[in-house]
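Chemist: What follows is the residue order along each chain.
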Amino acid sequence: MTIAAPVRREPAPPWLALAATAPALLIVLPLAYVLVRAWGVGAGGVADELFRPRTLELLANTLFLGVAVTAISAVLGVAAAWCVERTDLPGRSMWRILLALPLAVPAFVASFAWASLDVAFQGMAGAVLILSLSHYPLVYLPVAAALRGMDPAFEDVSRSLGRSGVATFFGAVLPQAWPALGAGALLVLAHIFAEFGALALLRVQTFTTAIFSSYELQFDSASAALQSAVLMALTLPAALGEMRLRRNMRFSRSGRGGRRTQRLQPLGRWRLPTLAGFSALSALATGVPAGMLVYWLAVGRSTARGLSDLGAAIAGSLSLAIPGAIVVTVLALPLVLAASRHGGAAARLADRLPYVVHGLPGLVVALALTWFAIHVVPGLYQTTALLIAAYAVLFLPLAQSALRASVELAPPRLEEVARSLGRGPLAAFATVTLPNILPGVGASLALMTLELVRELTATLLLAPTGVTTLATEVWSRANDGQYAAAAPYAALLVALSAAPVYVFTRKSLELHDL
Amino acid sequence: MKTCDRRSVLGAIGAGLAAPALWPSRPRAAGTLTLYNGQHAEPATAVVQAFMNATGNRVAIRKGGSAQLANQIIEEGSASPADVFFSEETAPVVTLAKRKLLAPVAPETRAAIPAAYAGKDGAWIGVTARCRVIAYDARQVKPESLPKSVLDFATEAWKDKVAYVPTSGEFQSQSLAILKLRGRDAALAWLKGLKDFGRVYNGNVAAVQAVQRGEIATALVNSYYWYAVADEIGTENMRCQLHYLGAKDPGALVTLSAAGALASSRNPELAQRFLAFMTGEAGQRAIVEAVAEYPVRPGVASPYPLKPLAELDPPDVTTDDVSDATEALSLQREAGLA
Chain A
1 MTIAAPVRRE PAPPWLALAA TAPALLIVLP LAYVLVRAWG VGAGGVADEL
51 FRPRTLELLA NTLFLGVAVT AISAVLGVAA AWCVERTDLP GRSMWRILLA
101 LPLAVPAFVA SFAWASLDVA FQGMAGAVLI LSLSHYPLVY LPVAAALRGM
151 DPAFEDVSRS LGRSGVATFF GAVLPQAWPA LGAGALLVLA HIFAEFGALA
201 LLRVQTFTTA IFSSYELQFD SASAALQSAV LMALTLPAAL GEMRLRRNMR
251 FSRSGRGGRR TQRLQPLGRW RLPTLAGFSA LSALATGVPA GMLVYWLAVG
301 RSTARGLSDL GAAIAGSLSL AIPGAIVVTV LALPLVLAAS RHGGAAARLA
351 DRLPYVVHGL PGLVVALALT WFAIHVVPGL YQTTALLIAA YAVLFLPLAQ
401 SALRASVELA PPRLEEVARS LGRGPLAAFA TVTLPNILPG VGASLALMTL
451 ELVRELTATL LLAPTGVTTL ATEVWSRAND GQYAAAAPYA ALLVALSAAP
501 VYVFTRKSLE LHDL
Chain B
1 MKTCDRRSVL GAIGAGLAAP ALWPSRPRAA GTLTLYNGQH AEPATAVVQA
51 FMNATGNRVA IRKGGSAQLA NQIIEEGSAS PADVFFSEET APVVTLAKRK
101 LLAPVAPETR AAIPAAYAGK DGAWIGVTAR CRVIAYDARQ VKPESLPKSV
151 LDFATEAWKD KVAYVPTSGE FQSQSLAILK LRGRDAALAW LKGLKDFGRV
201 YNGNVAAVQA VQRGEIATAL VNSYYWYAVA DEIGTENMRC QLHYLGAKDP
251 GALVTLSAAG ALASSRNPEL AQRFLAFMTG EAGQRAIVEA VAEYPVRPGV
301 ASPYPLKPLA ELDPPDVTTD DVSDATEALS LQREAGLA
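If you're matching them up, the sequences are chains A and B in order.
At position 142 of the first sequence the residue is numbered 142 (this note's numbering), and the sequence of numbers has no breaks.
At position 292 of the second sequence the residue is numbered 292 (this note's numbering), and the sequence of numbers has no breaks.
Hints in this document: simulated from the structure, not taken from any laboratory.
There may be inaccurate statements among the hints.
As the list claims (entries may be wrong) - Pair by pair, the computed Cβ-Cβ distance ranges are: (1) B:V200 x A:L161: 35 to 45 Å; (2) B:S78 x A:V417: 54 to 64 Å; (3) A:V377 x B:G56: 29 to 39 Å; (4) B:K100 x A:L59: 35 to 45 Å; (5) B:P308 x A:L59: 48 to 58 Å; (6) B:A247 x A:S319: 51 to 61 Å; (7) A:F170 x B:R239: 47 to 57 Å; (8) A:S319 x B:Q49: 19 to 29 Å; (9) A:A498 x B:G246: 45 to 55 Å; (10) A:L59 x B:V200: 17 to 27 Å; (11) B:L309 x A:L297: 34 to 44 Å; (12) A:P378 x B:A115: 34 to 44 Å.
As the list claims (entries may be wrong) - Short, incomplete list of chain B residues facing chain A, as computed with Cβ under 10 Å: (13) A41; (14) Q72; (15) D196; (16) R199; (17) V205; (18) Q209; (19) R213; (20) E215; (21) I233.
All residues carry an ideal CB built from backbone N, CA and C; glycine is no exception.
Could you put the whole structure together from the sequences, leaning on the hints where they help?
Modeler: Structure, rendered in structure tokens:
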């Protein structure tokens, strides 16, 4: 322990350490599964698989798609955030929500809408367009939050030195927003690496879609495991980058002074073009998918055919997503608490482990848990519990990110005071810390509900027999080309997602607005 | 006091962690049959509904791709919750049969259908027959201008004019039929030609719809996908039409959807009763009303205006010839499709 440490760091108490062990163990499972299975191929097999032309083709596709979508999302996200937070754009409070709305349209729903609009959108170019439109809010939201929380003094200094607005943006604003931008961009990259449904509908082949085909074609999944290992190797730099940025983010926040009103940049003659641009963006990202859904609801003959299953699918979605969101948030909390309050190598490792498997497709996580359940705890096989465990593996990093900001803002001293006044650890936590971190808990619950409602691949494999969700029903129908039959499910899925998107948008934009 | 607190906290956390584990999995009452269904949803739901109405038994359906579900059954081994497996193709059931995971089908059930439509080892039965066809856009191509053999579609002359679905089991069977009839080199050349000149689609209906929209001139699919699209938009609106190659060409291959009972089933009698129902009169009628495939049971007729089975003139291959999943995969890997 260093004397200069700002916060007194004690090792995590046993209850916290124990609570943090469960999620950490869960994460090790798919990691071990992939490595053991891939190892089983043998050194010769590994070399054969890695140096096939097909692997190179997949590598090129995966990297190109990931980089292109991330770059476009970053540009769109930063532009949107800056205009909404820092200019006199008319209707800013409306745009703030509208620009986040594409989050409510799962990528595979957007893809099915565009793919059914015109064949030209199938293929790599279409995939870059459609995925960028559906992923830029992942950059927009954190950057907008960072812009709001930023100390305007730097900008004032820059402007007083005679720098132009543009120079000030690149010289003073962007460097401060960099951690938020980086974290958002890496999140986009991880999503693209793991995306399956959208790319299958758009006929673009990446490692993730190839893992699916390997599994569909082959009666043992060694090659799928090898492809997963490659994908994990691709995700690792992104995961490490996220962690580095997060470390820096803490510094950037520590120097924040008293809150001052942000000065708004007048748009002047750019006002109309900017408004037109945002209108076009919203029309493309939200309007086209919504319009196509309405079109298919109106024209298709198969629309009515599937309606009888609608109730079961809604019930299935809610009964998985809501308990799932609670469980994942509860599992993430001790990880964040232990790492940010108490530190220590073990706590930091446990906190970071989930990021290593982030970017693994749901299918691989599902396969690992299937294997584990069948061979170790047969009683858990095909139960809701196992599926929720898979959700935890897939989405823990997102819950951690949502929680982290408010956990770091809540002073640990308060809880120590409560303890010294005789409260037990749980009571102190529940009465003192929990109320302080509620915004983060709310943001995490909203984000998890959103992600779980649209989760497709793990649900397909692990859901109890007979349980369907809106996402699986959209998928099985759209994949069969029954666009009209898929439309009611897709429309409901979007409607159901709108509420958590609204909550999450408000929470994440207000969080830094203390 | 402090320790007591800690214990209660630990207890609470333990209970919290254990709670999801105690989540009730769907109760599997005796008399409930678990069906792993890789066949299309409509025919499976139809036969299950008819079975439940006729017998009063409950059936839980697990959906998935046929190969994927077979994969899952292999992984589950003797602990599999499945009682019956209904597969869109024969390769998955043949694979399970080879691994001794299927129980013999009752002789009466097998006797109800022609011997060619059941596994020689008695481990599985065919449920419907389907045929490979060429779907073509009548506005772009004339049926007389279509090649005589499916092999000629994998050539530069047909660049960007042929849709195919390499992940479809019937497509794989077709490549195996070519292997059997013309040799491995021909099958490989065909796949490579398609990779170079054709266009991959991820589903058969998607391929037929692509032809229907004029996106692409032809598609290598099964006949019933055409009827599925025609049902959706109206037969009178179909610019996509079907061409039957016949003449014992591998492009006229007839394949089966198939079913088997799991050796590990805890409801073996119920599983056999379900198999018997699937090939029985009522079951066959329910299935062929829901999908435009051919019934395997003599005396049952499809309500769809299908080209009669007897006129298809398919190539001379057996089910075993076209059900080797390992060989199909090795061909696709060599051709760079997988």
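Chemist: Look at each hint and say if it fits the structure.
Modeler: Hints, verified against the model:
Hint check: V200 (chain B) to L161 (chain A), Cβ distance near 57 Å, so the stated range 35 to 45 Å is violated. Hint check: S78 (chain B) to V417 (chain A), Cβ distance near 59 Å, so the stated range 54 to 64 Å holds. For the pair V377 (chain A) and G56 (chain B), the beta carbons lie near 34 Å from each other, so the given range of 29 to 39 Å is met. The hinted range of 35 to 45 Å is satisfied by K100 (chain B) and L59 (chain A), whose Cβ atoms lie roughly 39 Å apart.
At about 50 Å, the CB distance of P308 (chain B) to L59 (chain A) agrees with the hint of 48 to 58 Å. A hinted range of 51 to 61 Å for the beta carbons of A247 (chain B) and S319 (chain A) is consistent with their spacing of about 55 Å. Under the hint 47 to 57 Å, the C-beta atoms of F170 (chain A) and R239 (chain B), about 54 Å apart, fit the expected range. Between S319 (chain A) and Q49 (chain B) the beta carbon distance is about 24 Å. The supplied range of 19 to 29 Å therefore holds.
In this structure the hint that A498 (chain A) and G246 (chain B) lie 45 to 55 Å apart at CB holds, the actual value being about 54 Å. Judged by the Cβ atoms, the range 17 to 27 Å given for L59 (chain A) and V200 (chain B) holds: they are separated by roughly 18 Å. For L309 (chain B) and L297 (chain A), the Cβ-Cβ distance of about 38 Å falls inside the hinted range of 34 to 44 Å, so the restraint holds. Judged by the Cβ atoms, the range 34 to 44 Å given for P378 (chain A) and A115 (chain B) holds: they are separated by roughly 39 Å.
Because the beta carbon of A41 (chain B) sits about 7 Å from the nearest beta carbon in chain A, less than 10 Å, this interface hint is met. Given hint, Q72 (chain B) at the interface with chain A, holds; its Cβ is 7 Å from that chain's nearest Cβ, closer than 10 Å. About 13 Å separates the beta-carbon of D196 (chain B) from the nearest beta-carbon of chain A, more than 10 Å, and the hint is not met. Nearest Cβ of chain A to the Cβ of R199 (chain B): about 8 Å, under the 10 Å cut. The hint holds.
Because the closest C-beta pair between V205 (chain B) and chain A is about 3 Å apart, less than 10 Å, the hint holds. A hinted interface residue such as Q209 (chain B) counts as satisfied when its beta carbon comes closer than 10 Å to some beta carbon of chain A; here the least separation is about 5 Å, so the hint holds. Nearest Cβ of chain A to the Cβ of R213 (chain B): about 7 Å, under the 10 Å cut. The hint holds. A cut of 10 Å between beta carbons decides the hint on E215 (chain B): the least distance to chain A is about 4 Å, and the hint holds.
Against a cut-off of 10 Å between C-beta atoms, the interface hint on I233 (chain B) holds, since the closest Cβ of chain A lies about 7 Å away.
The structure shown violates the earlier hints numbered 1, 15.
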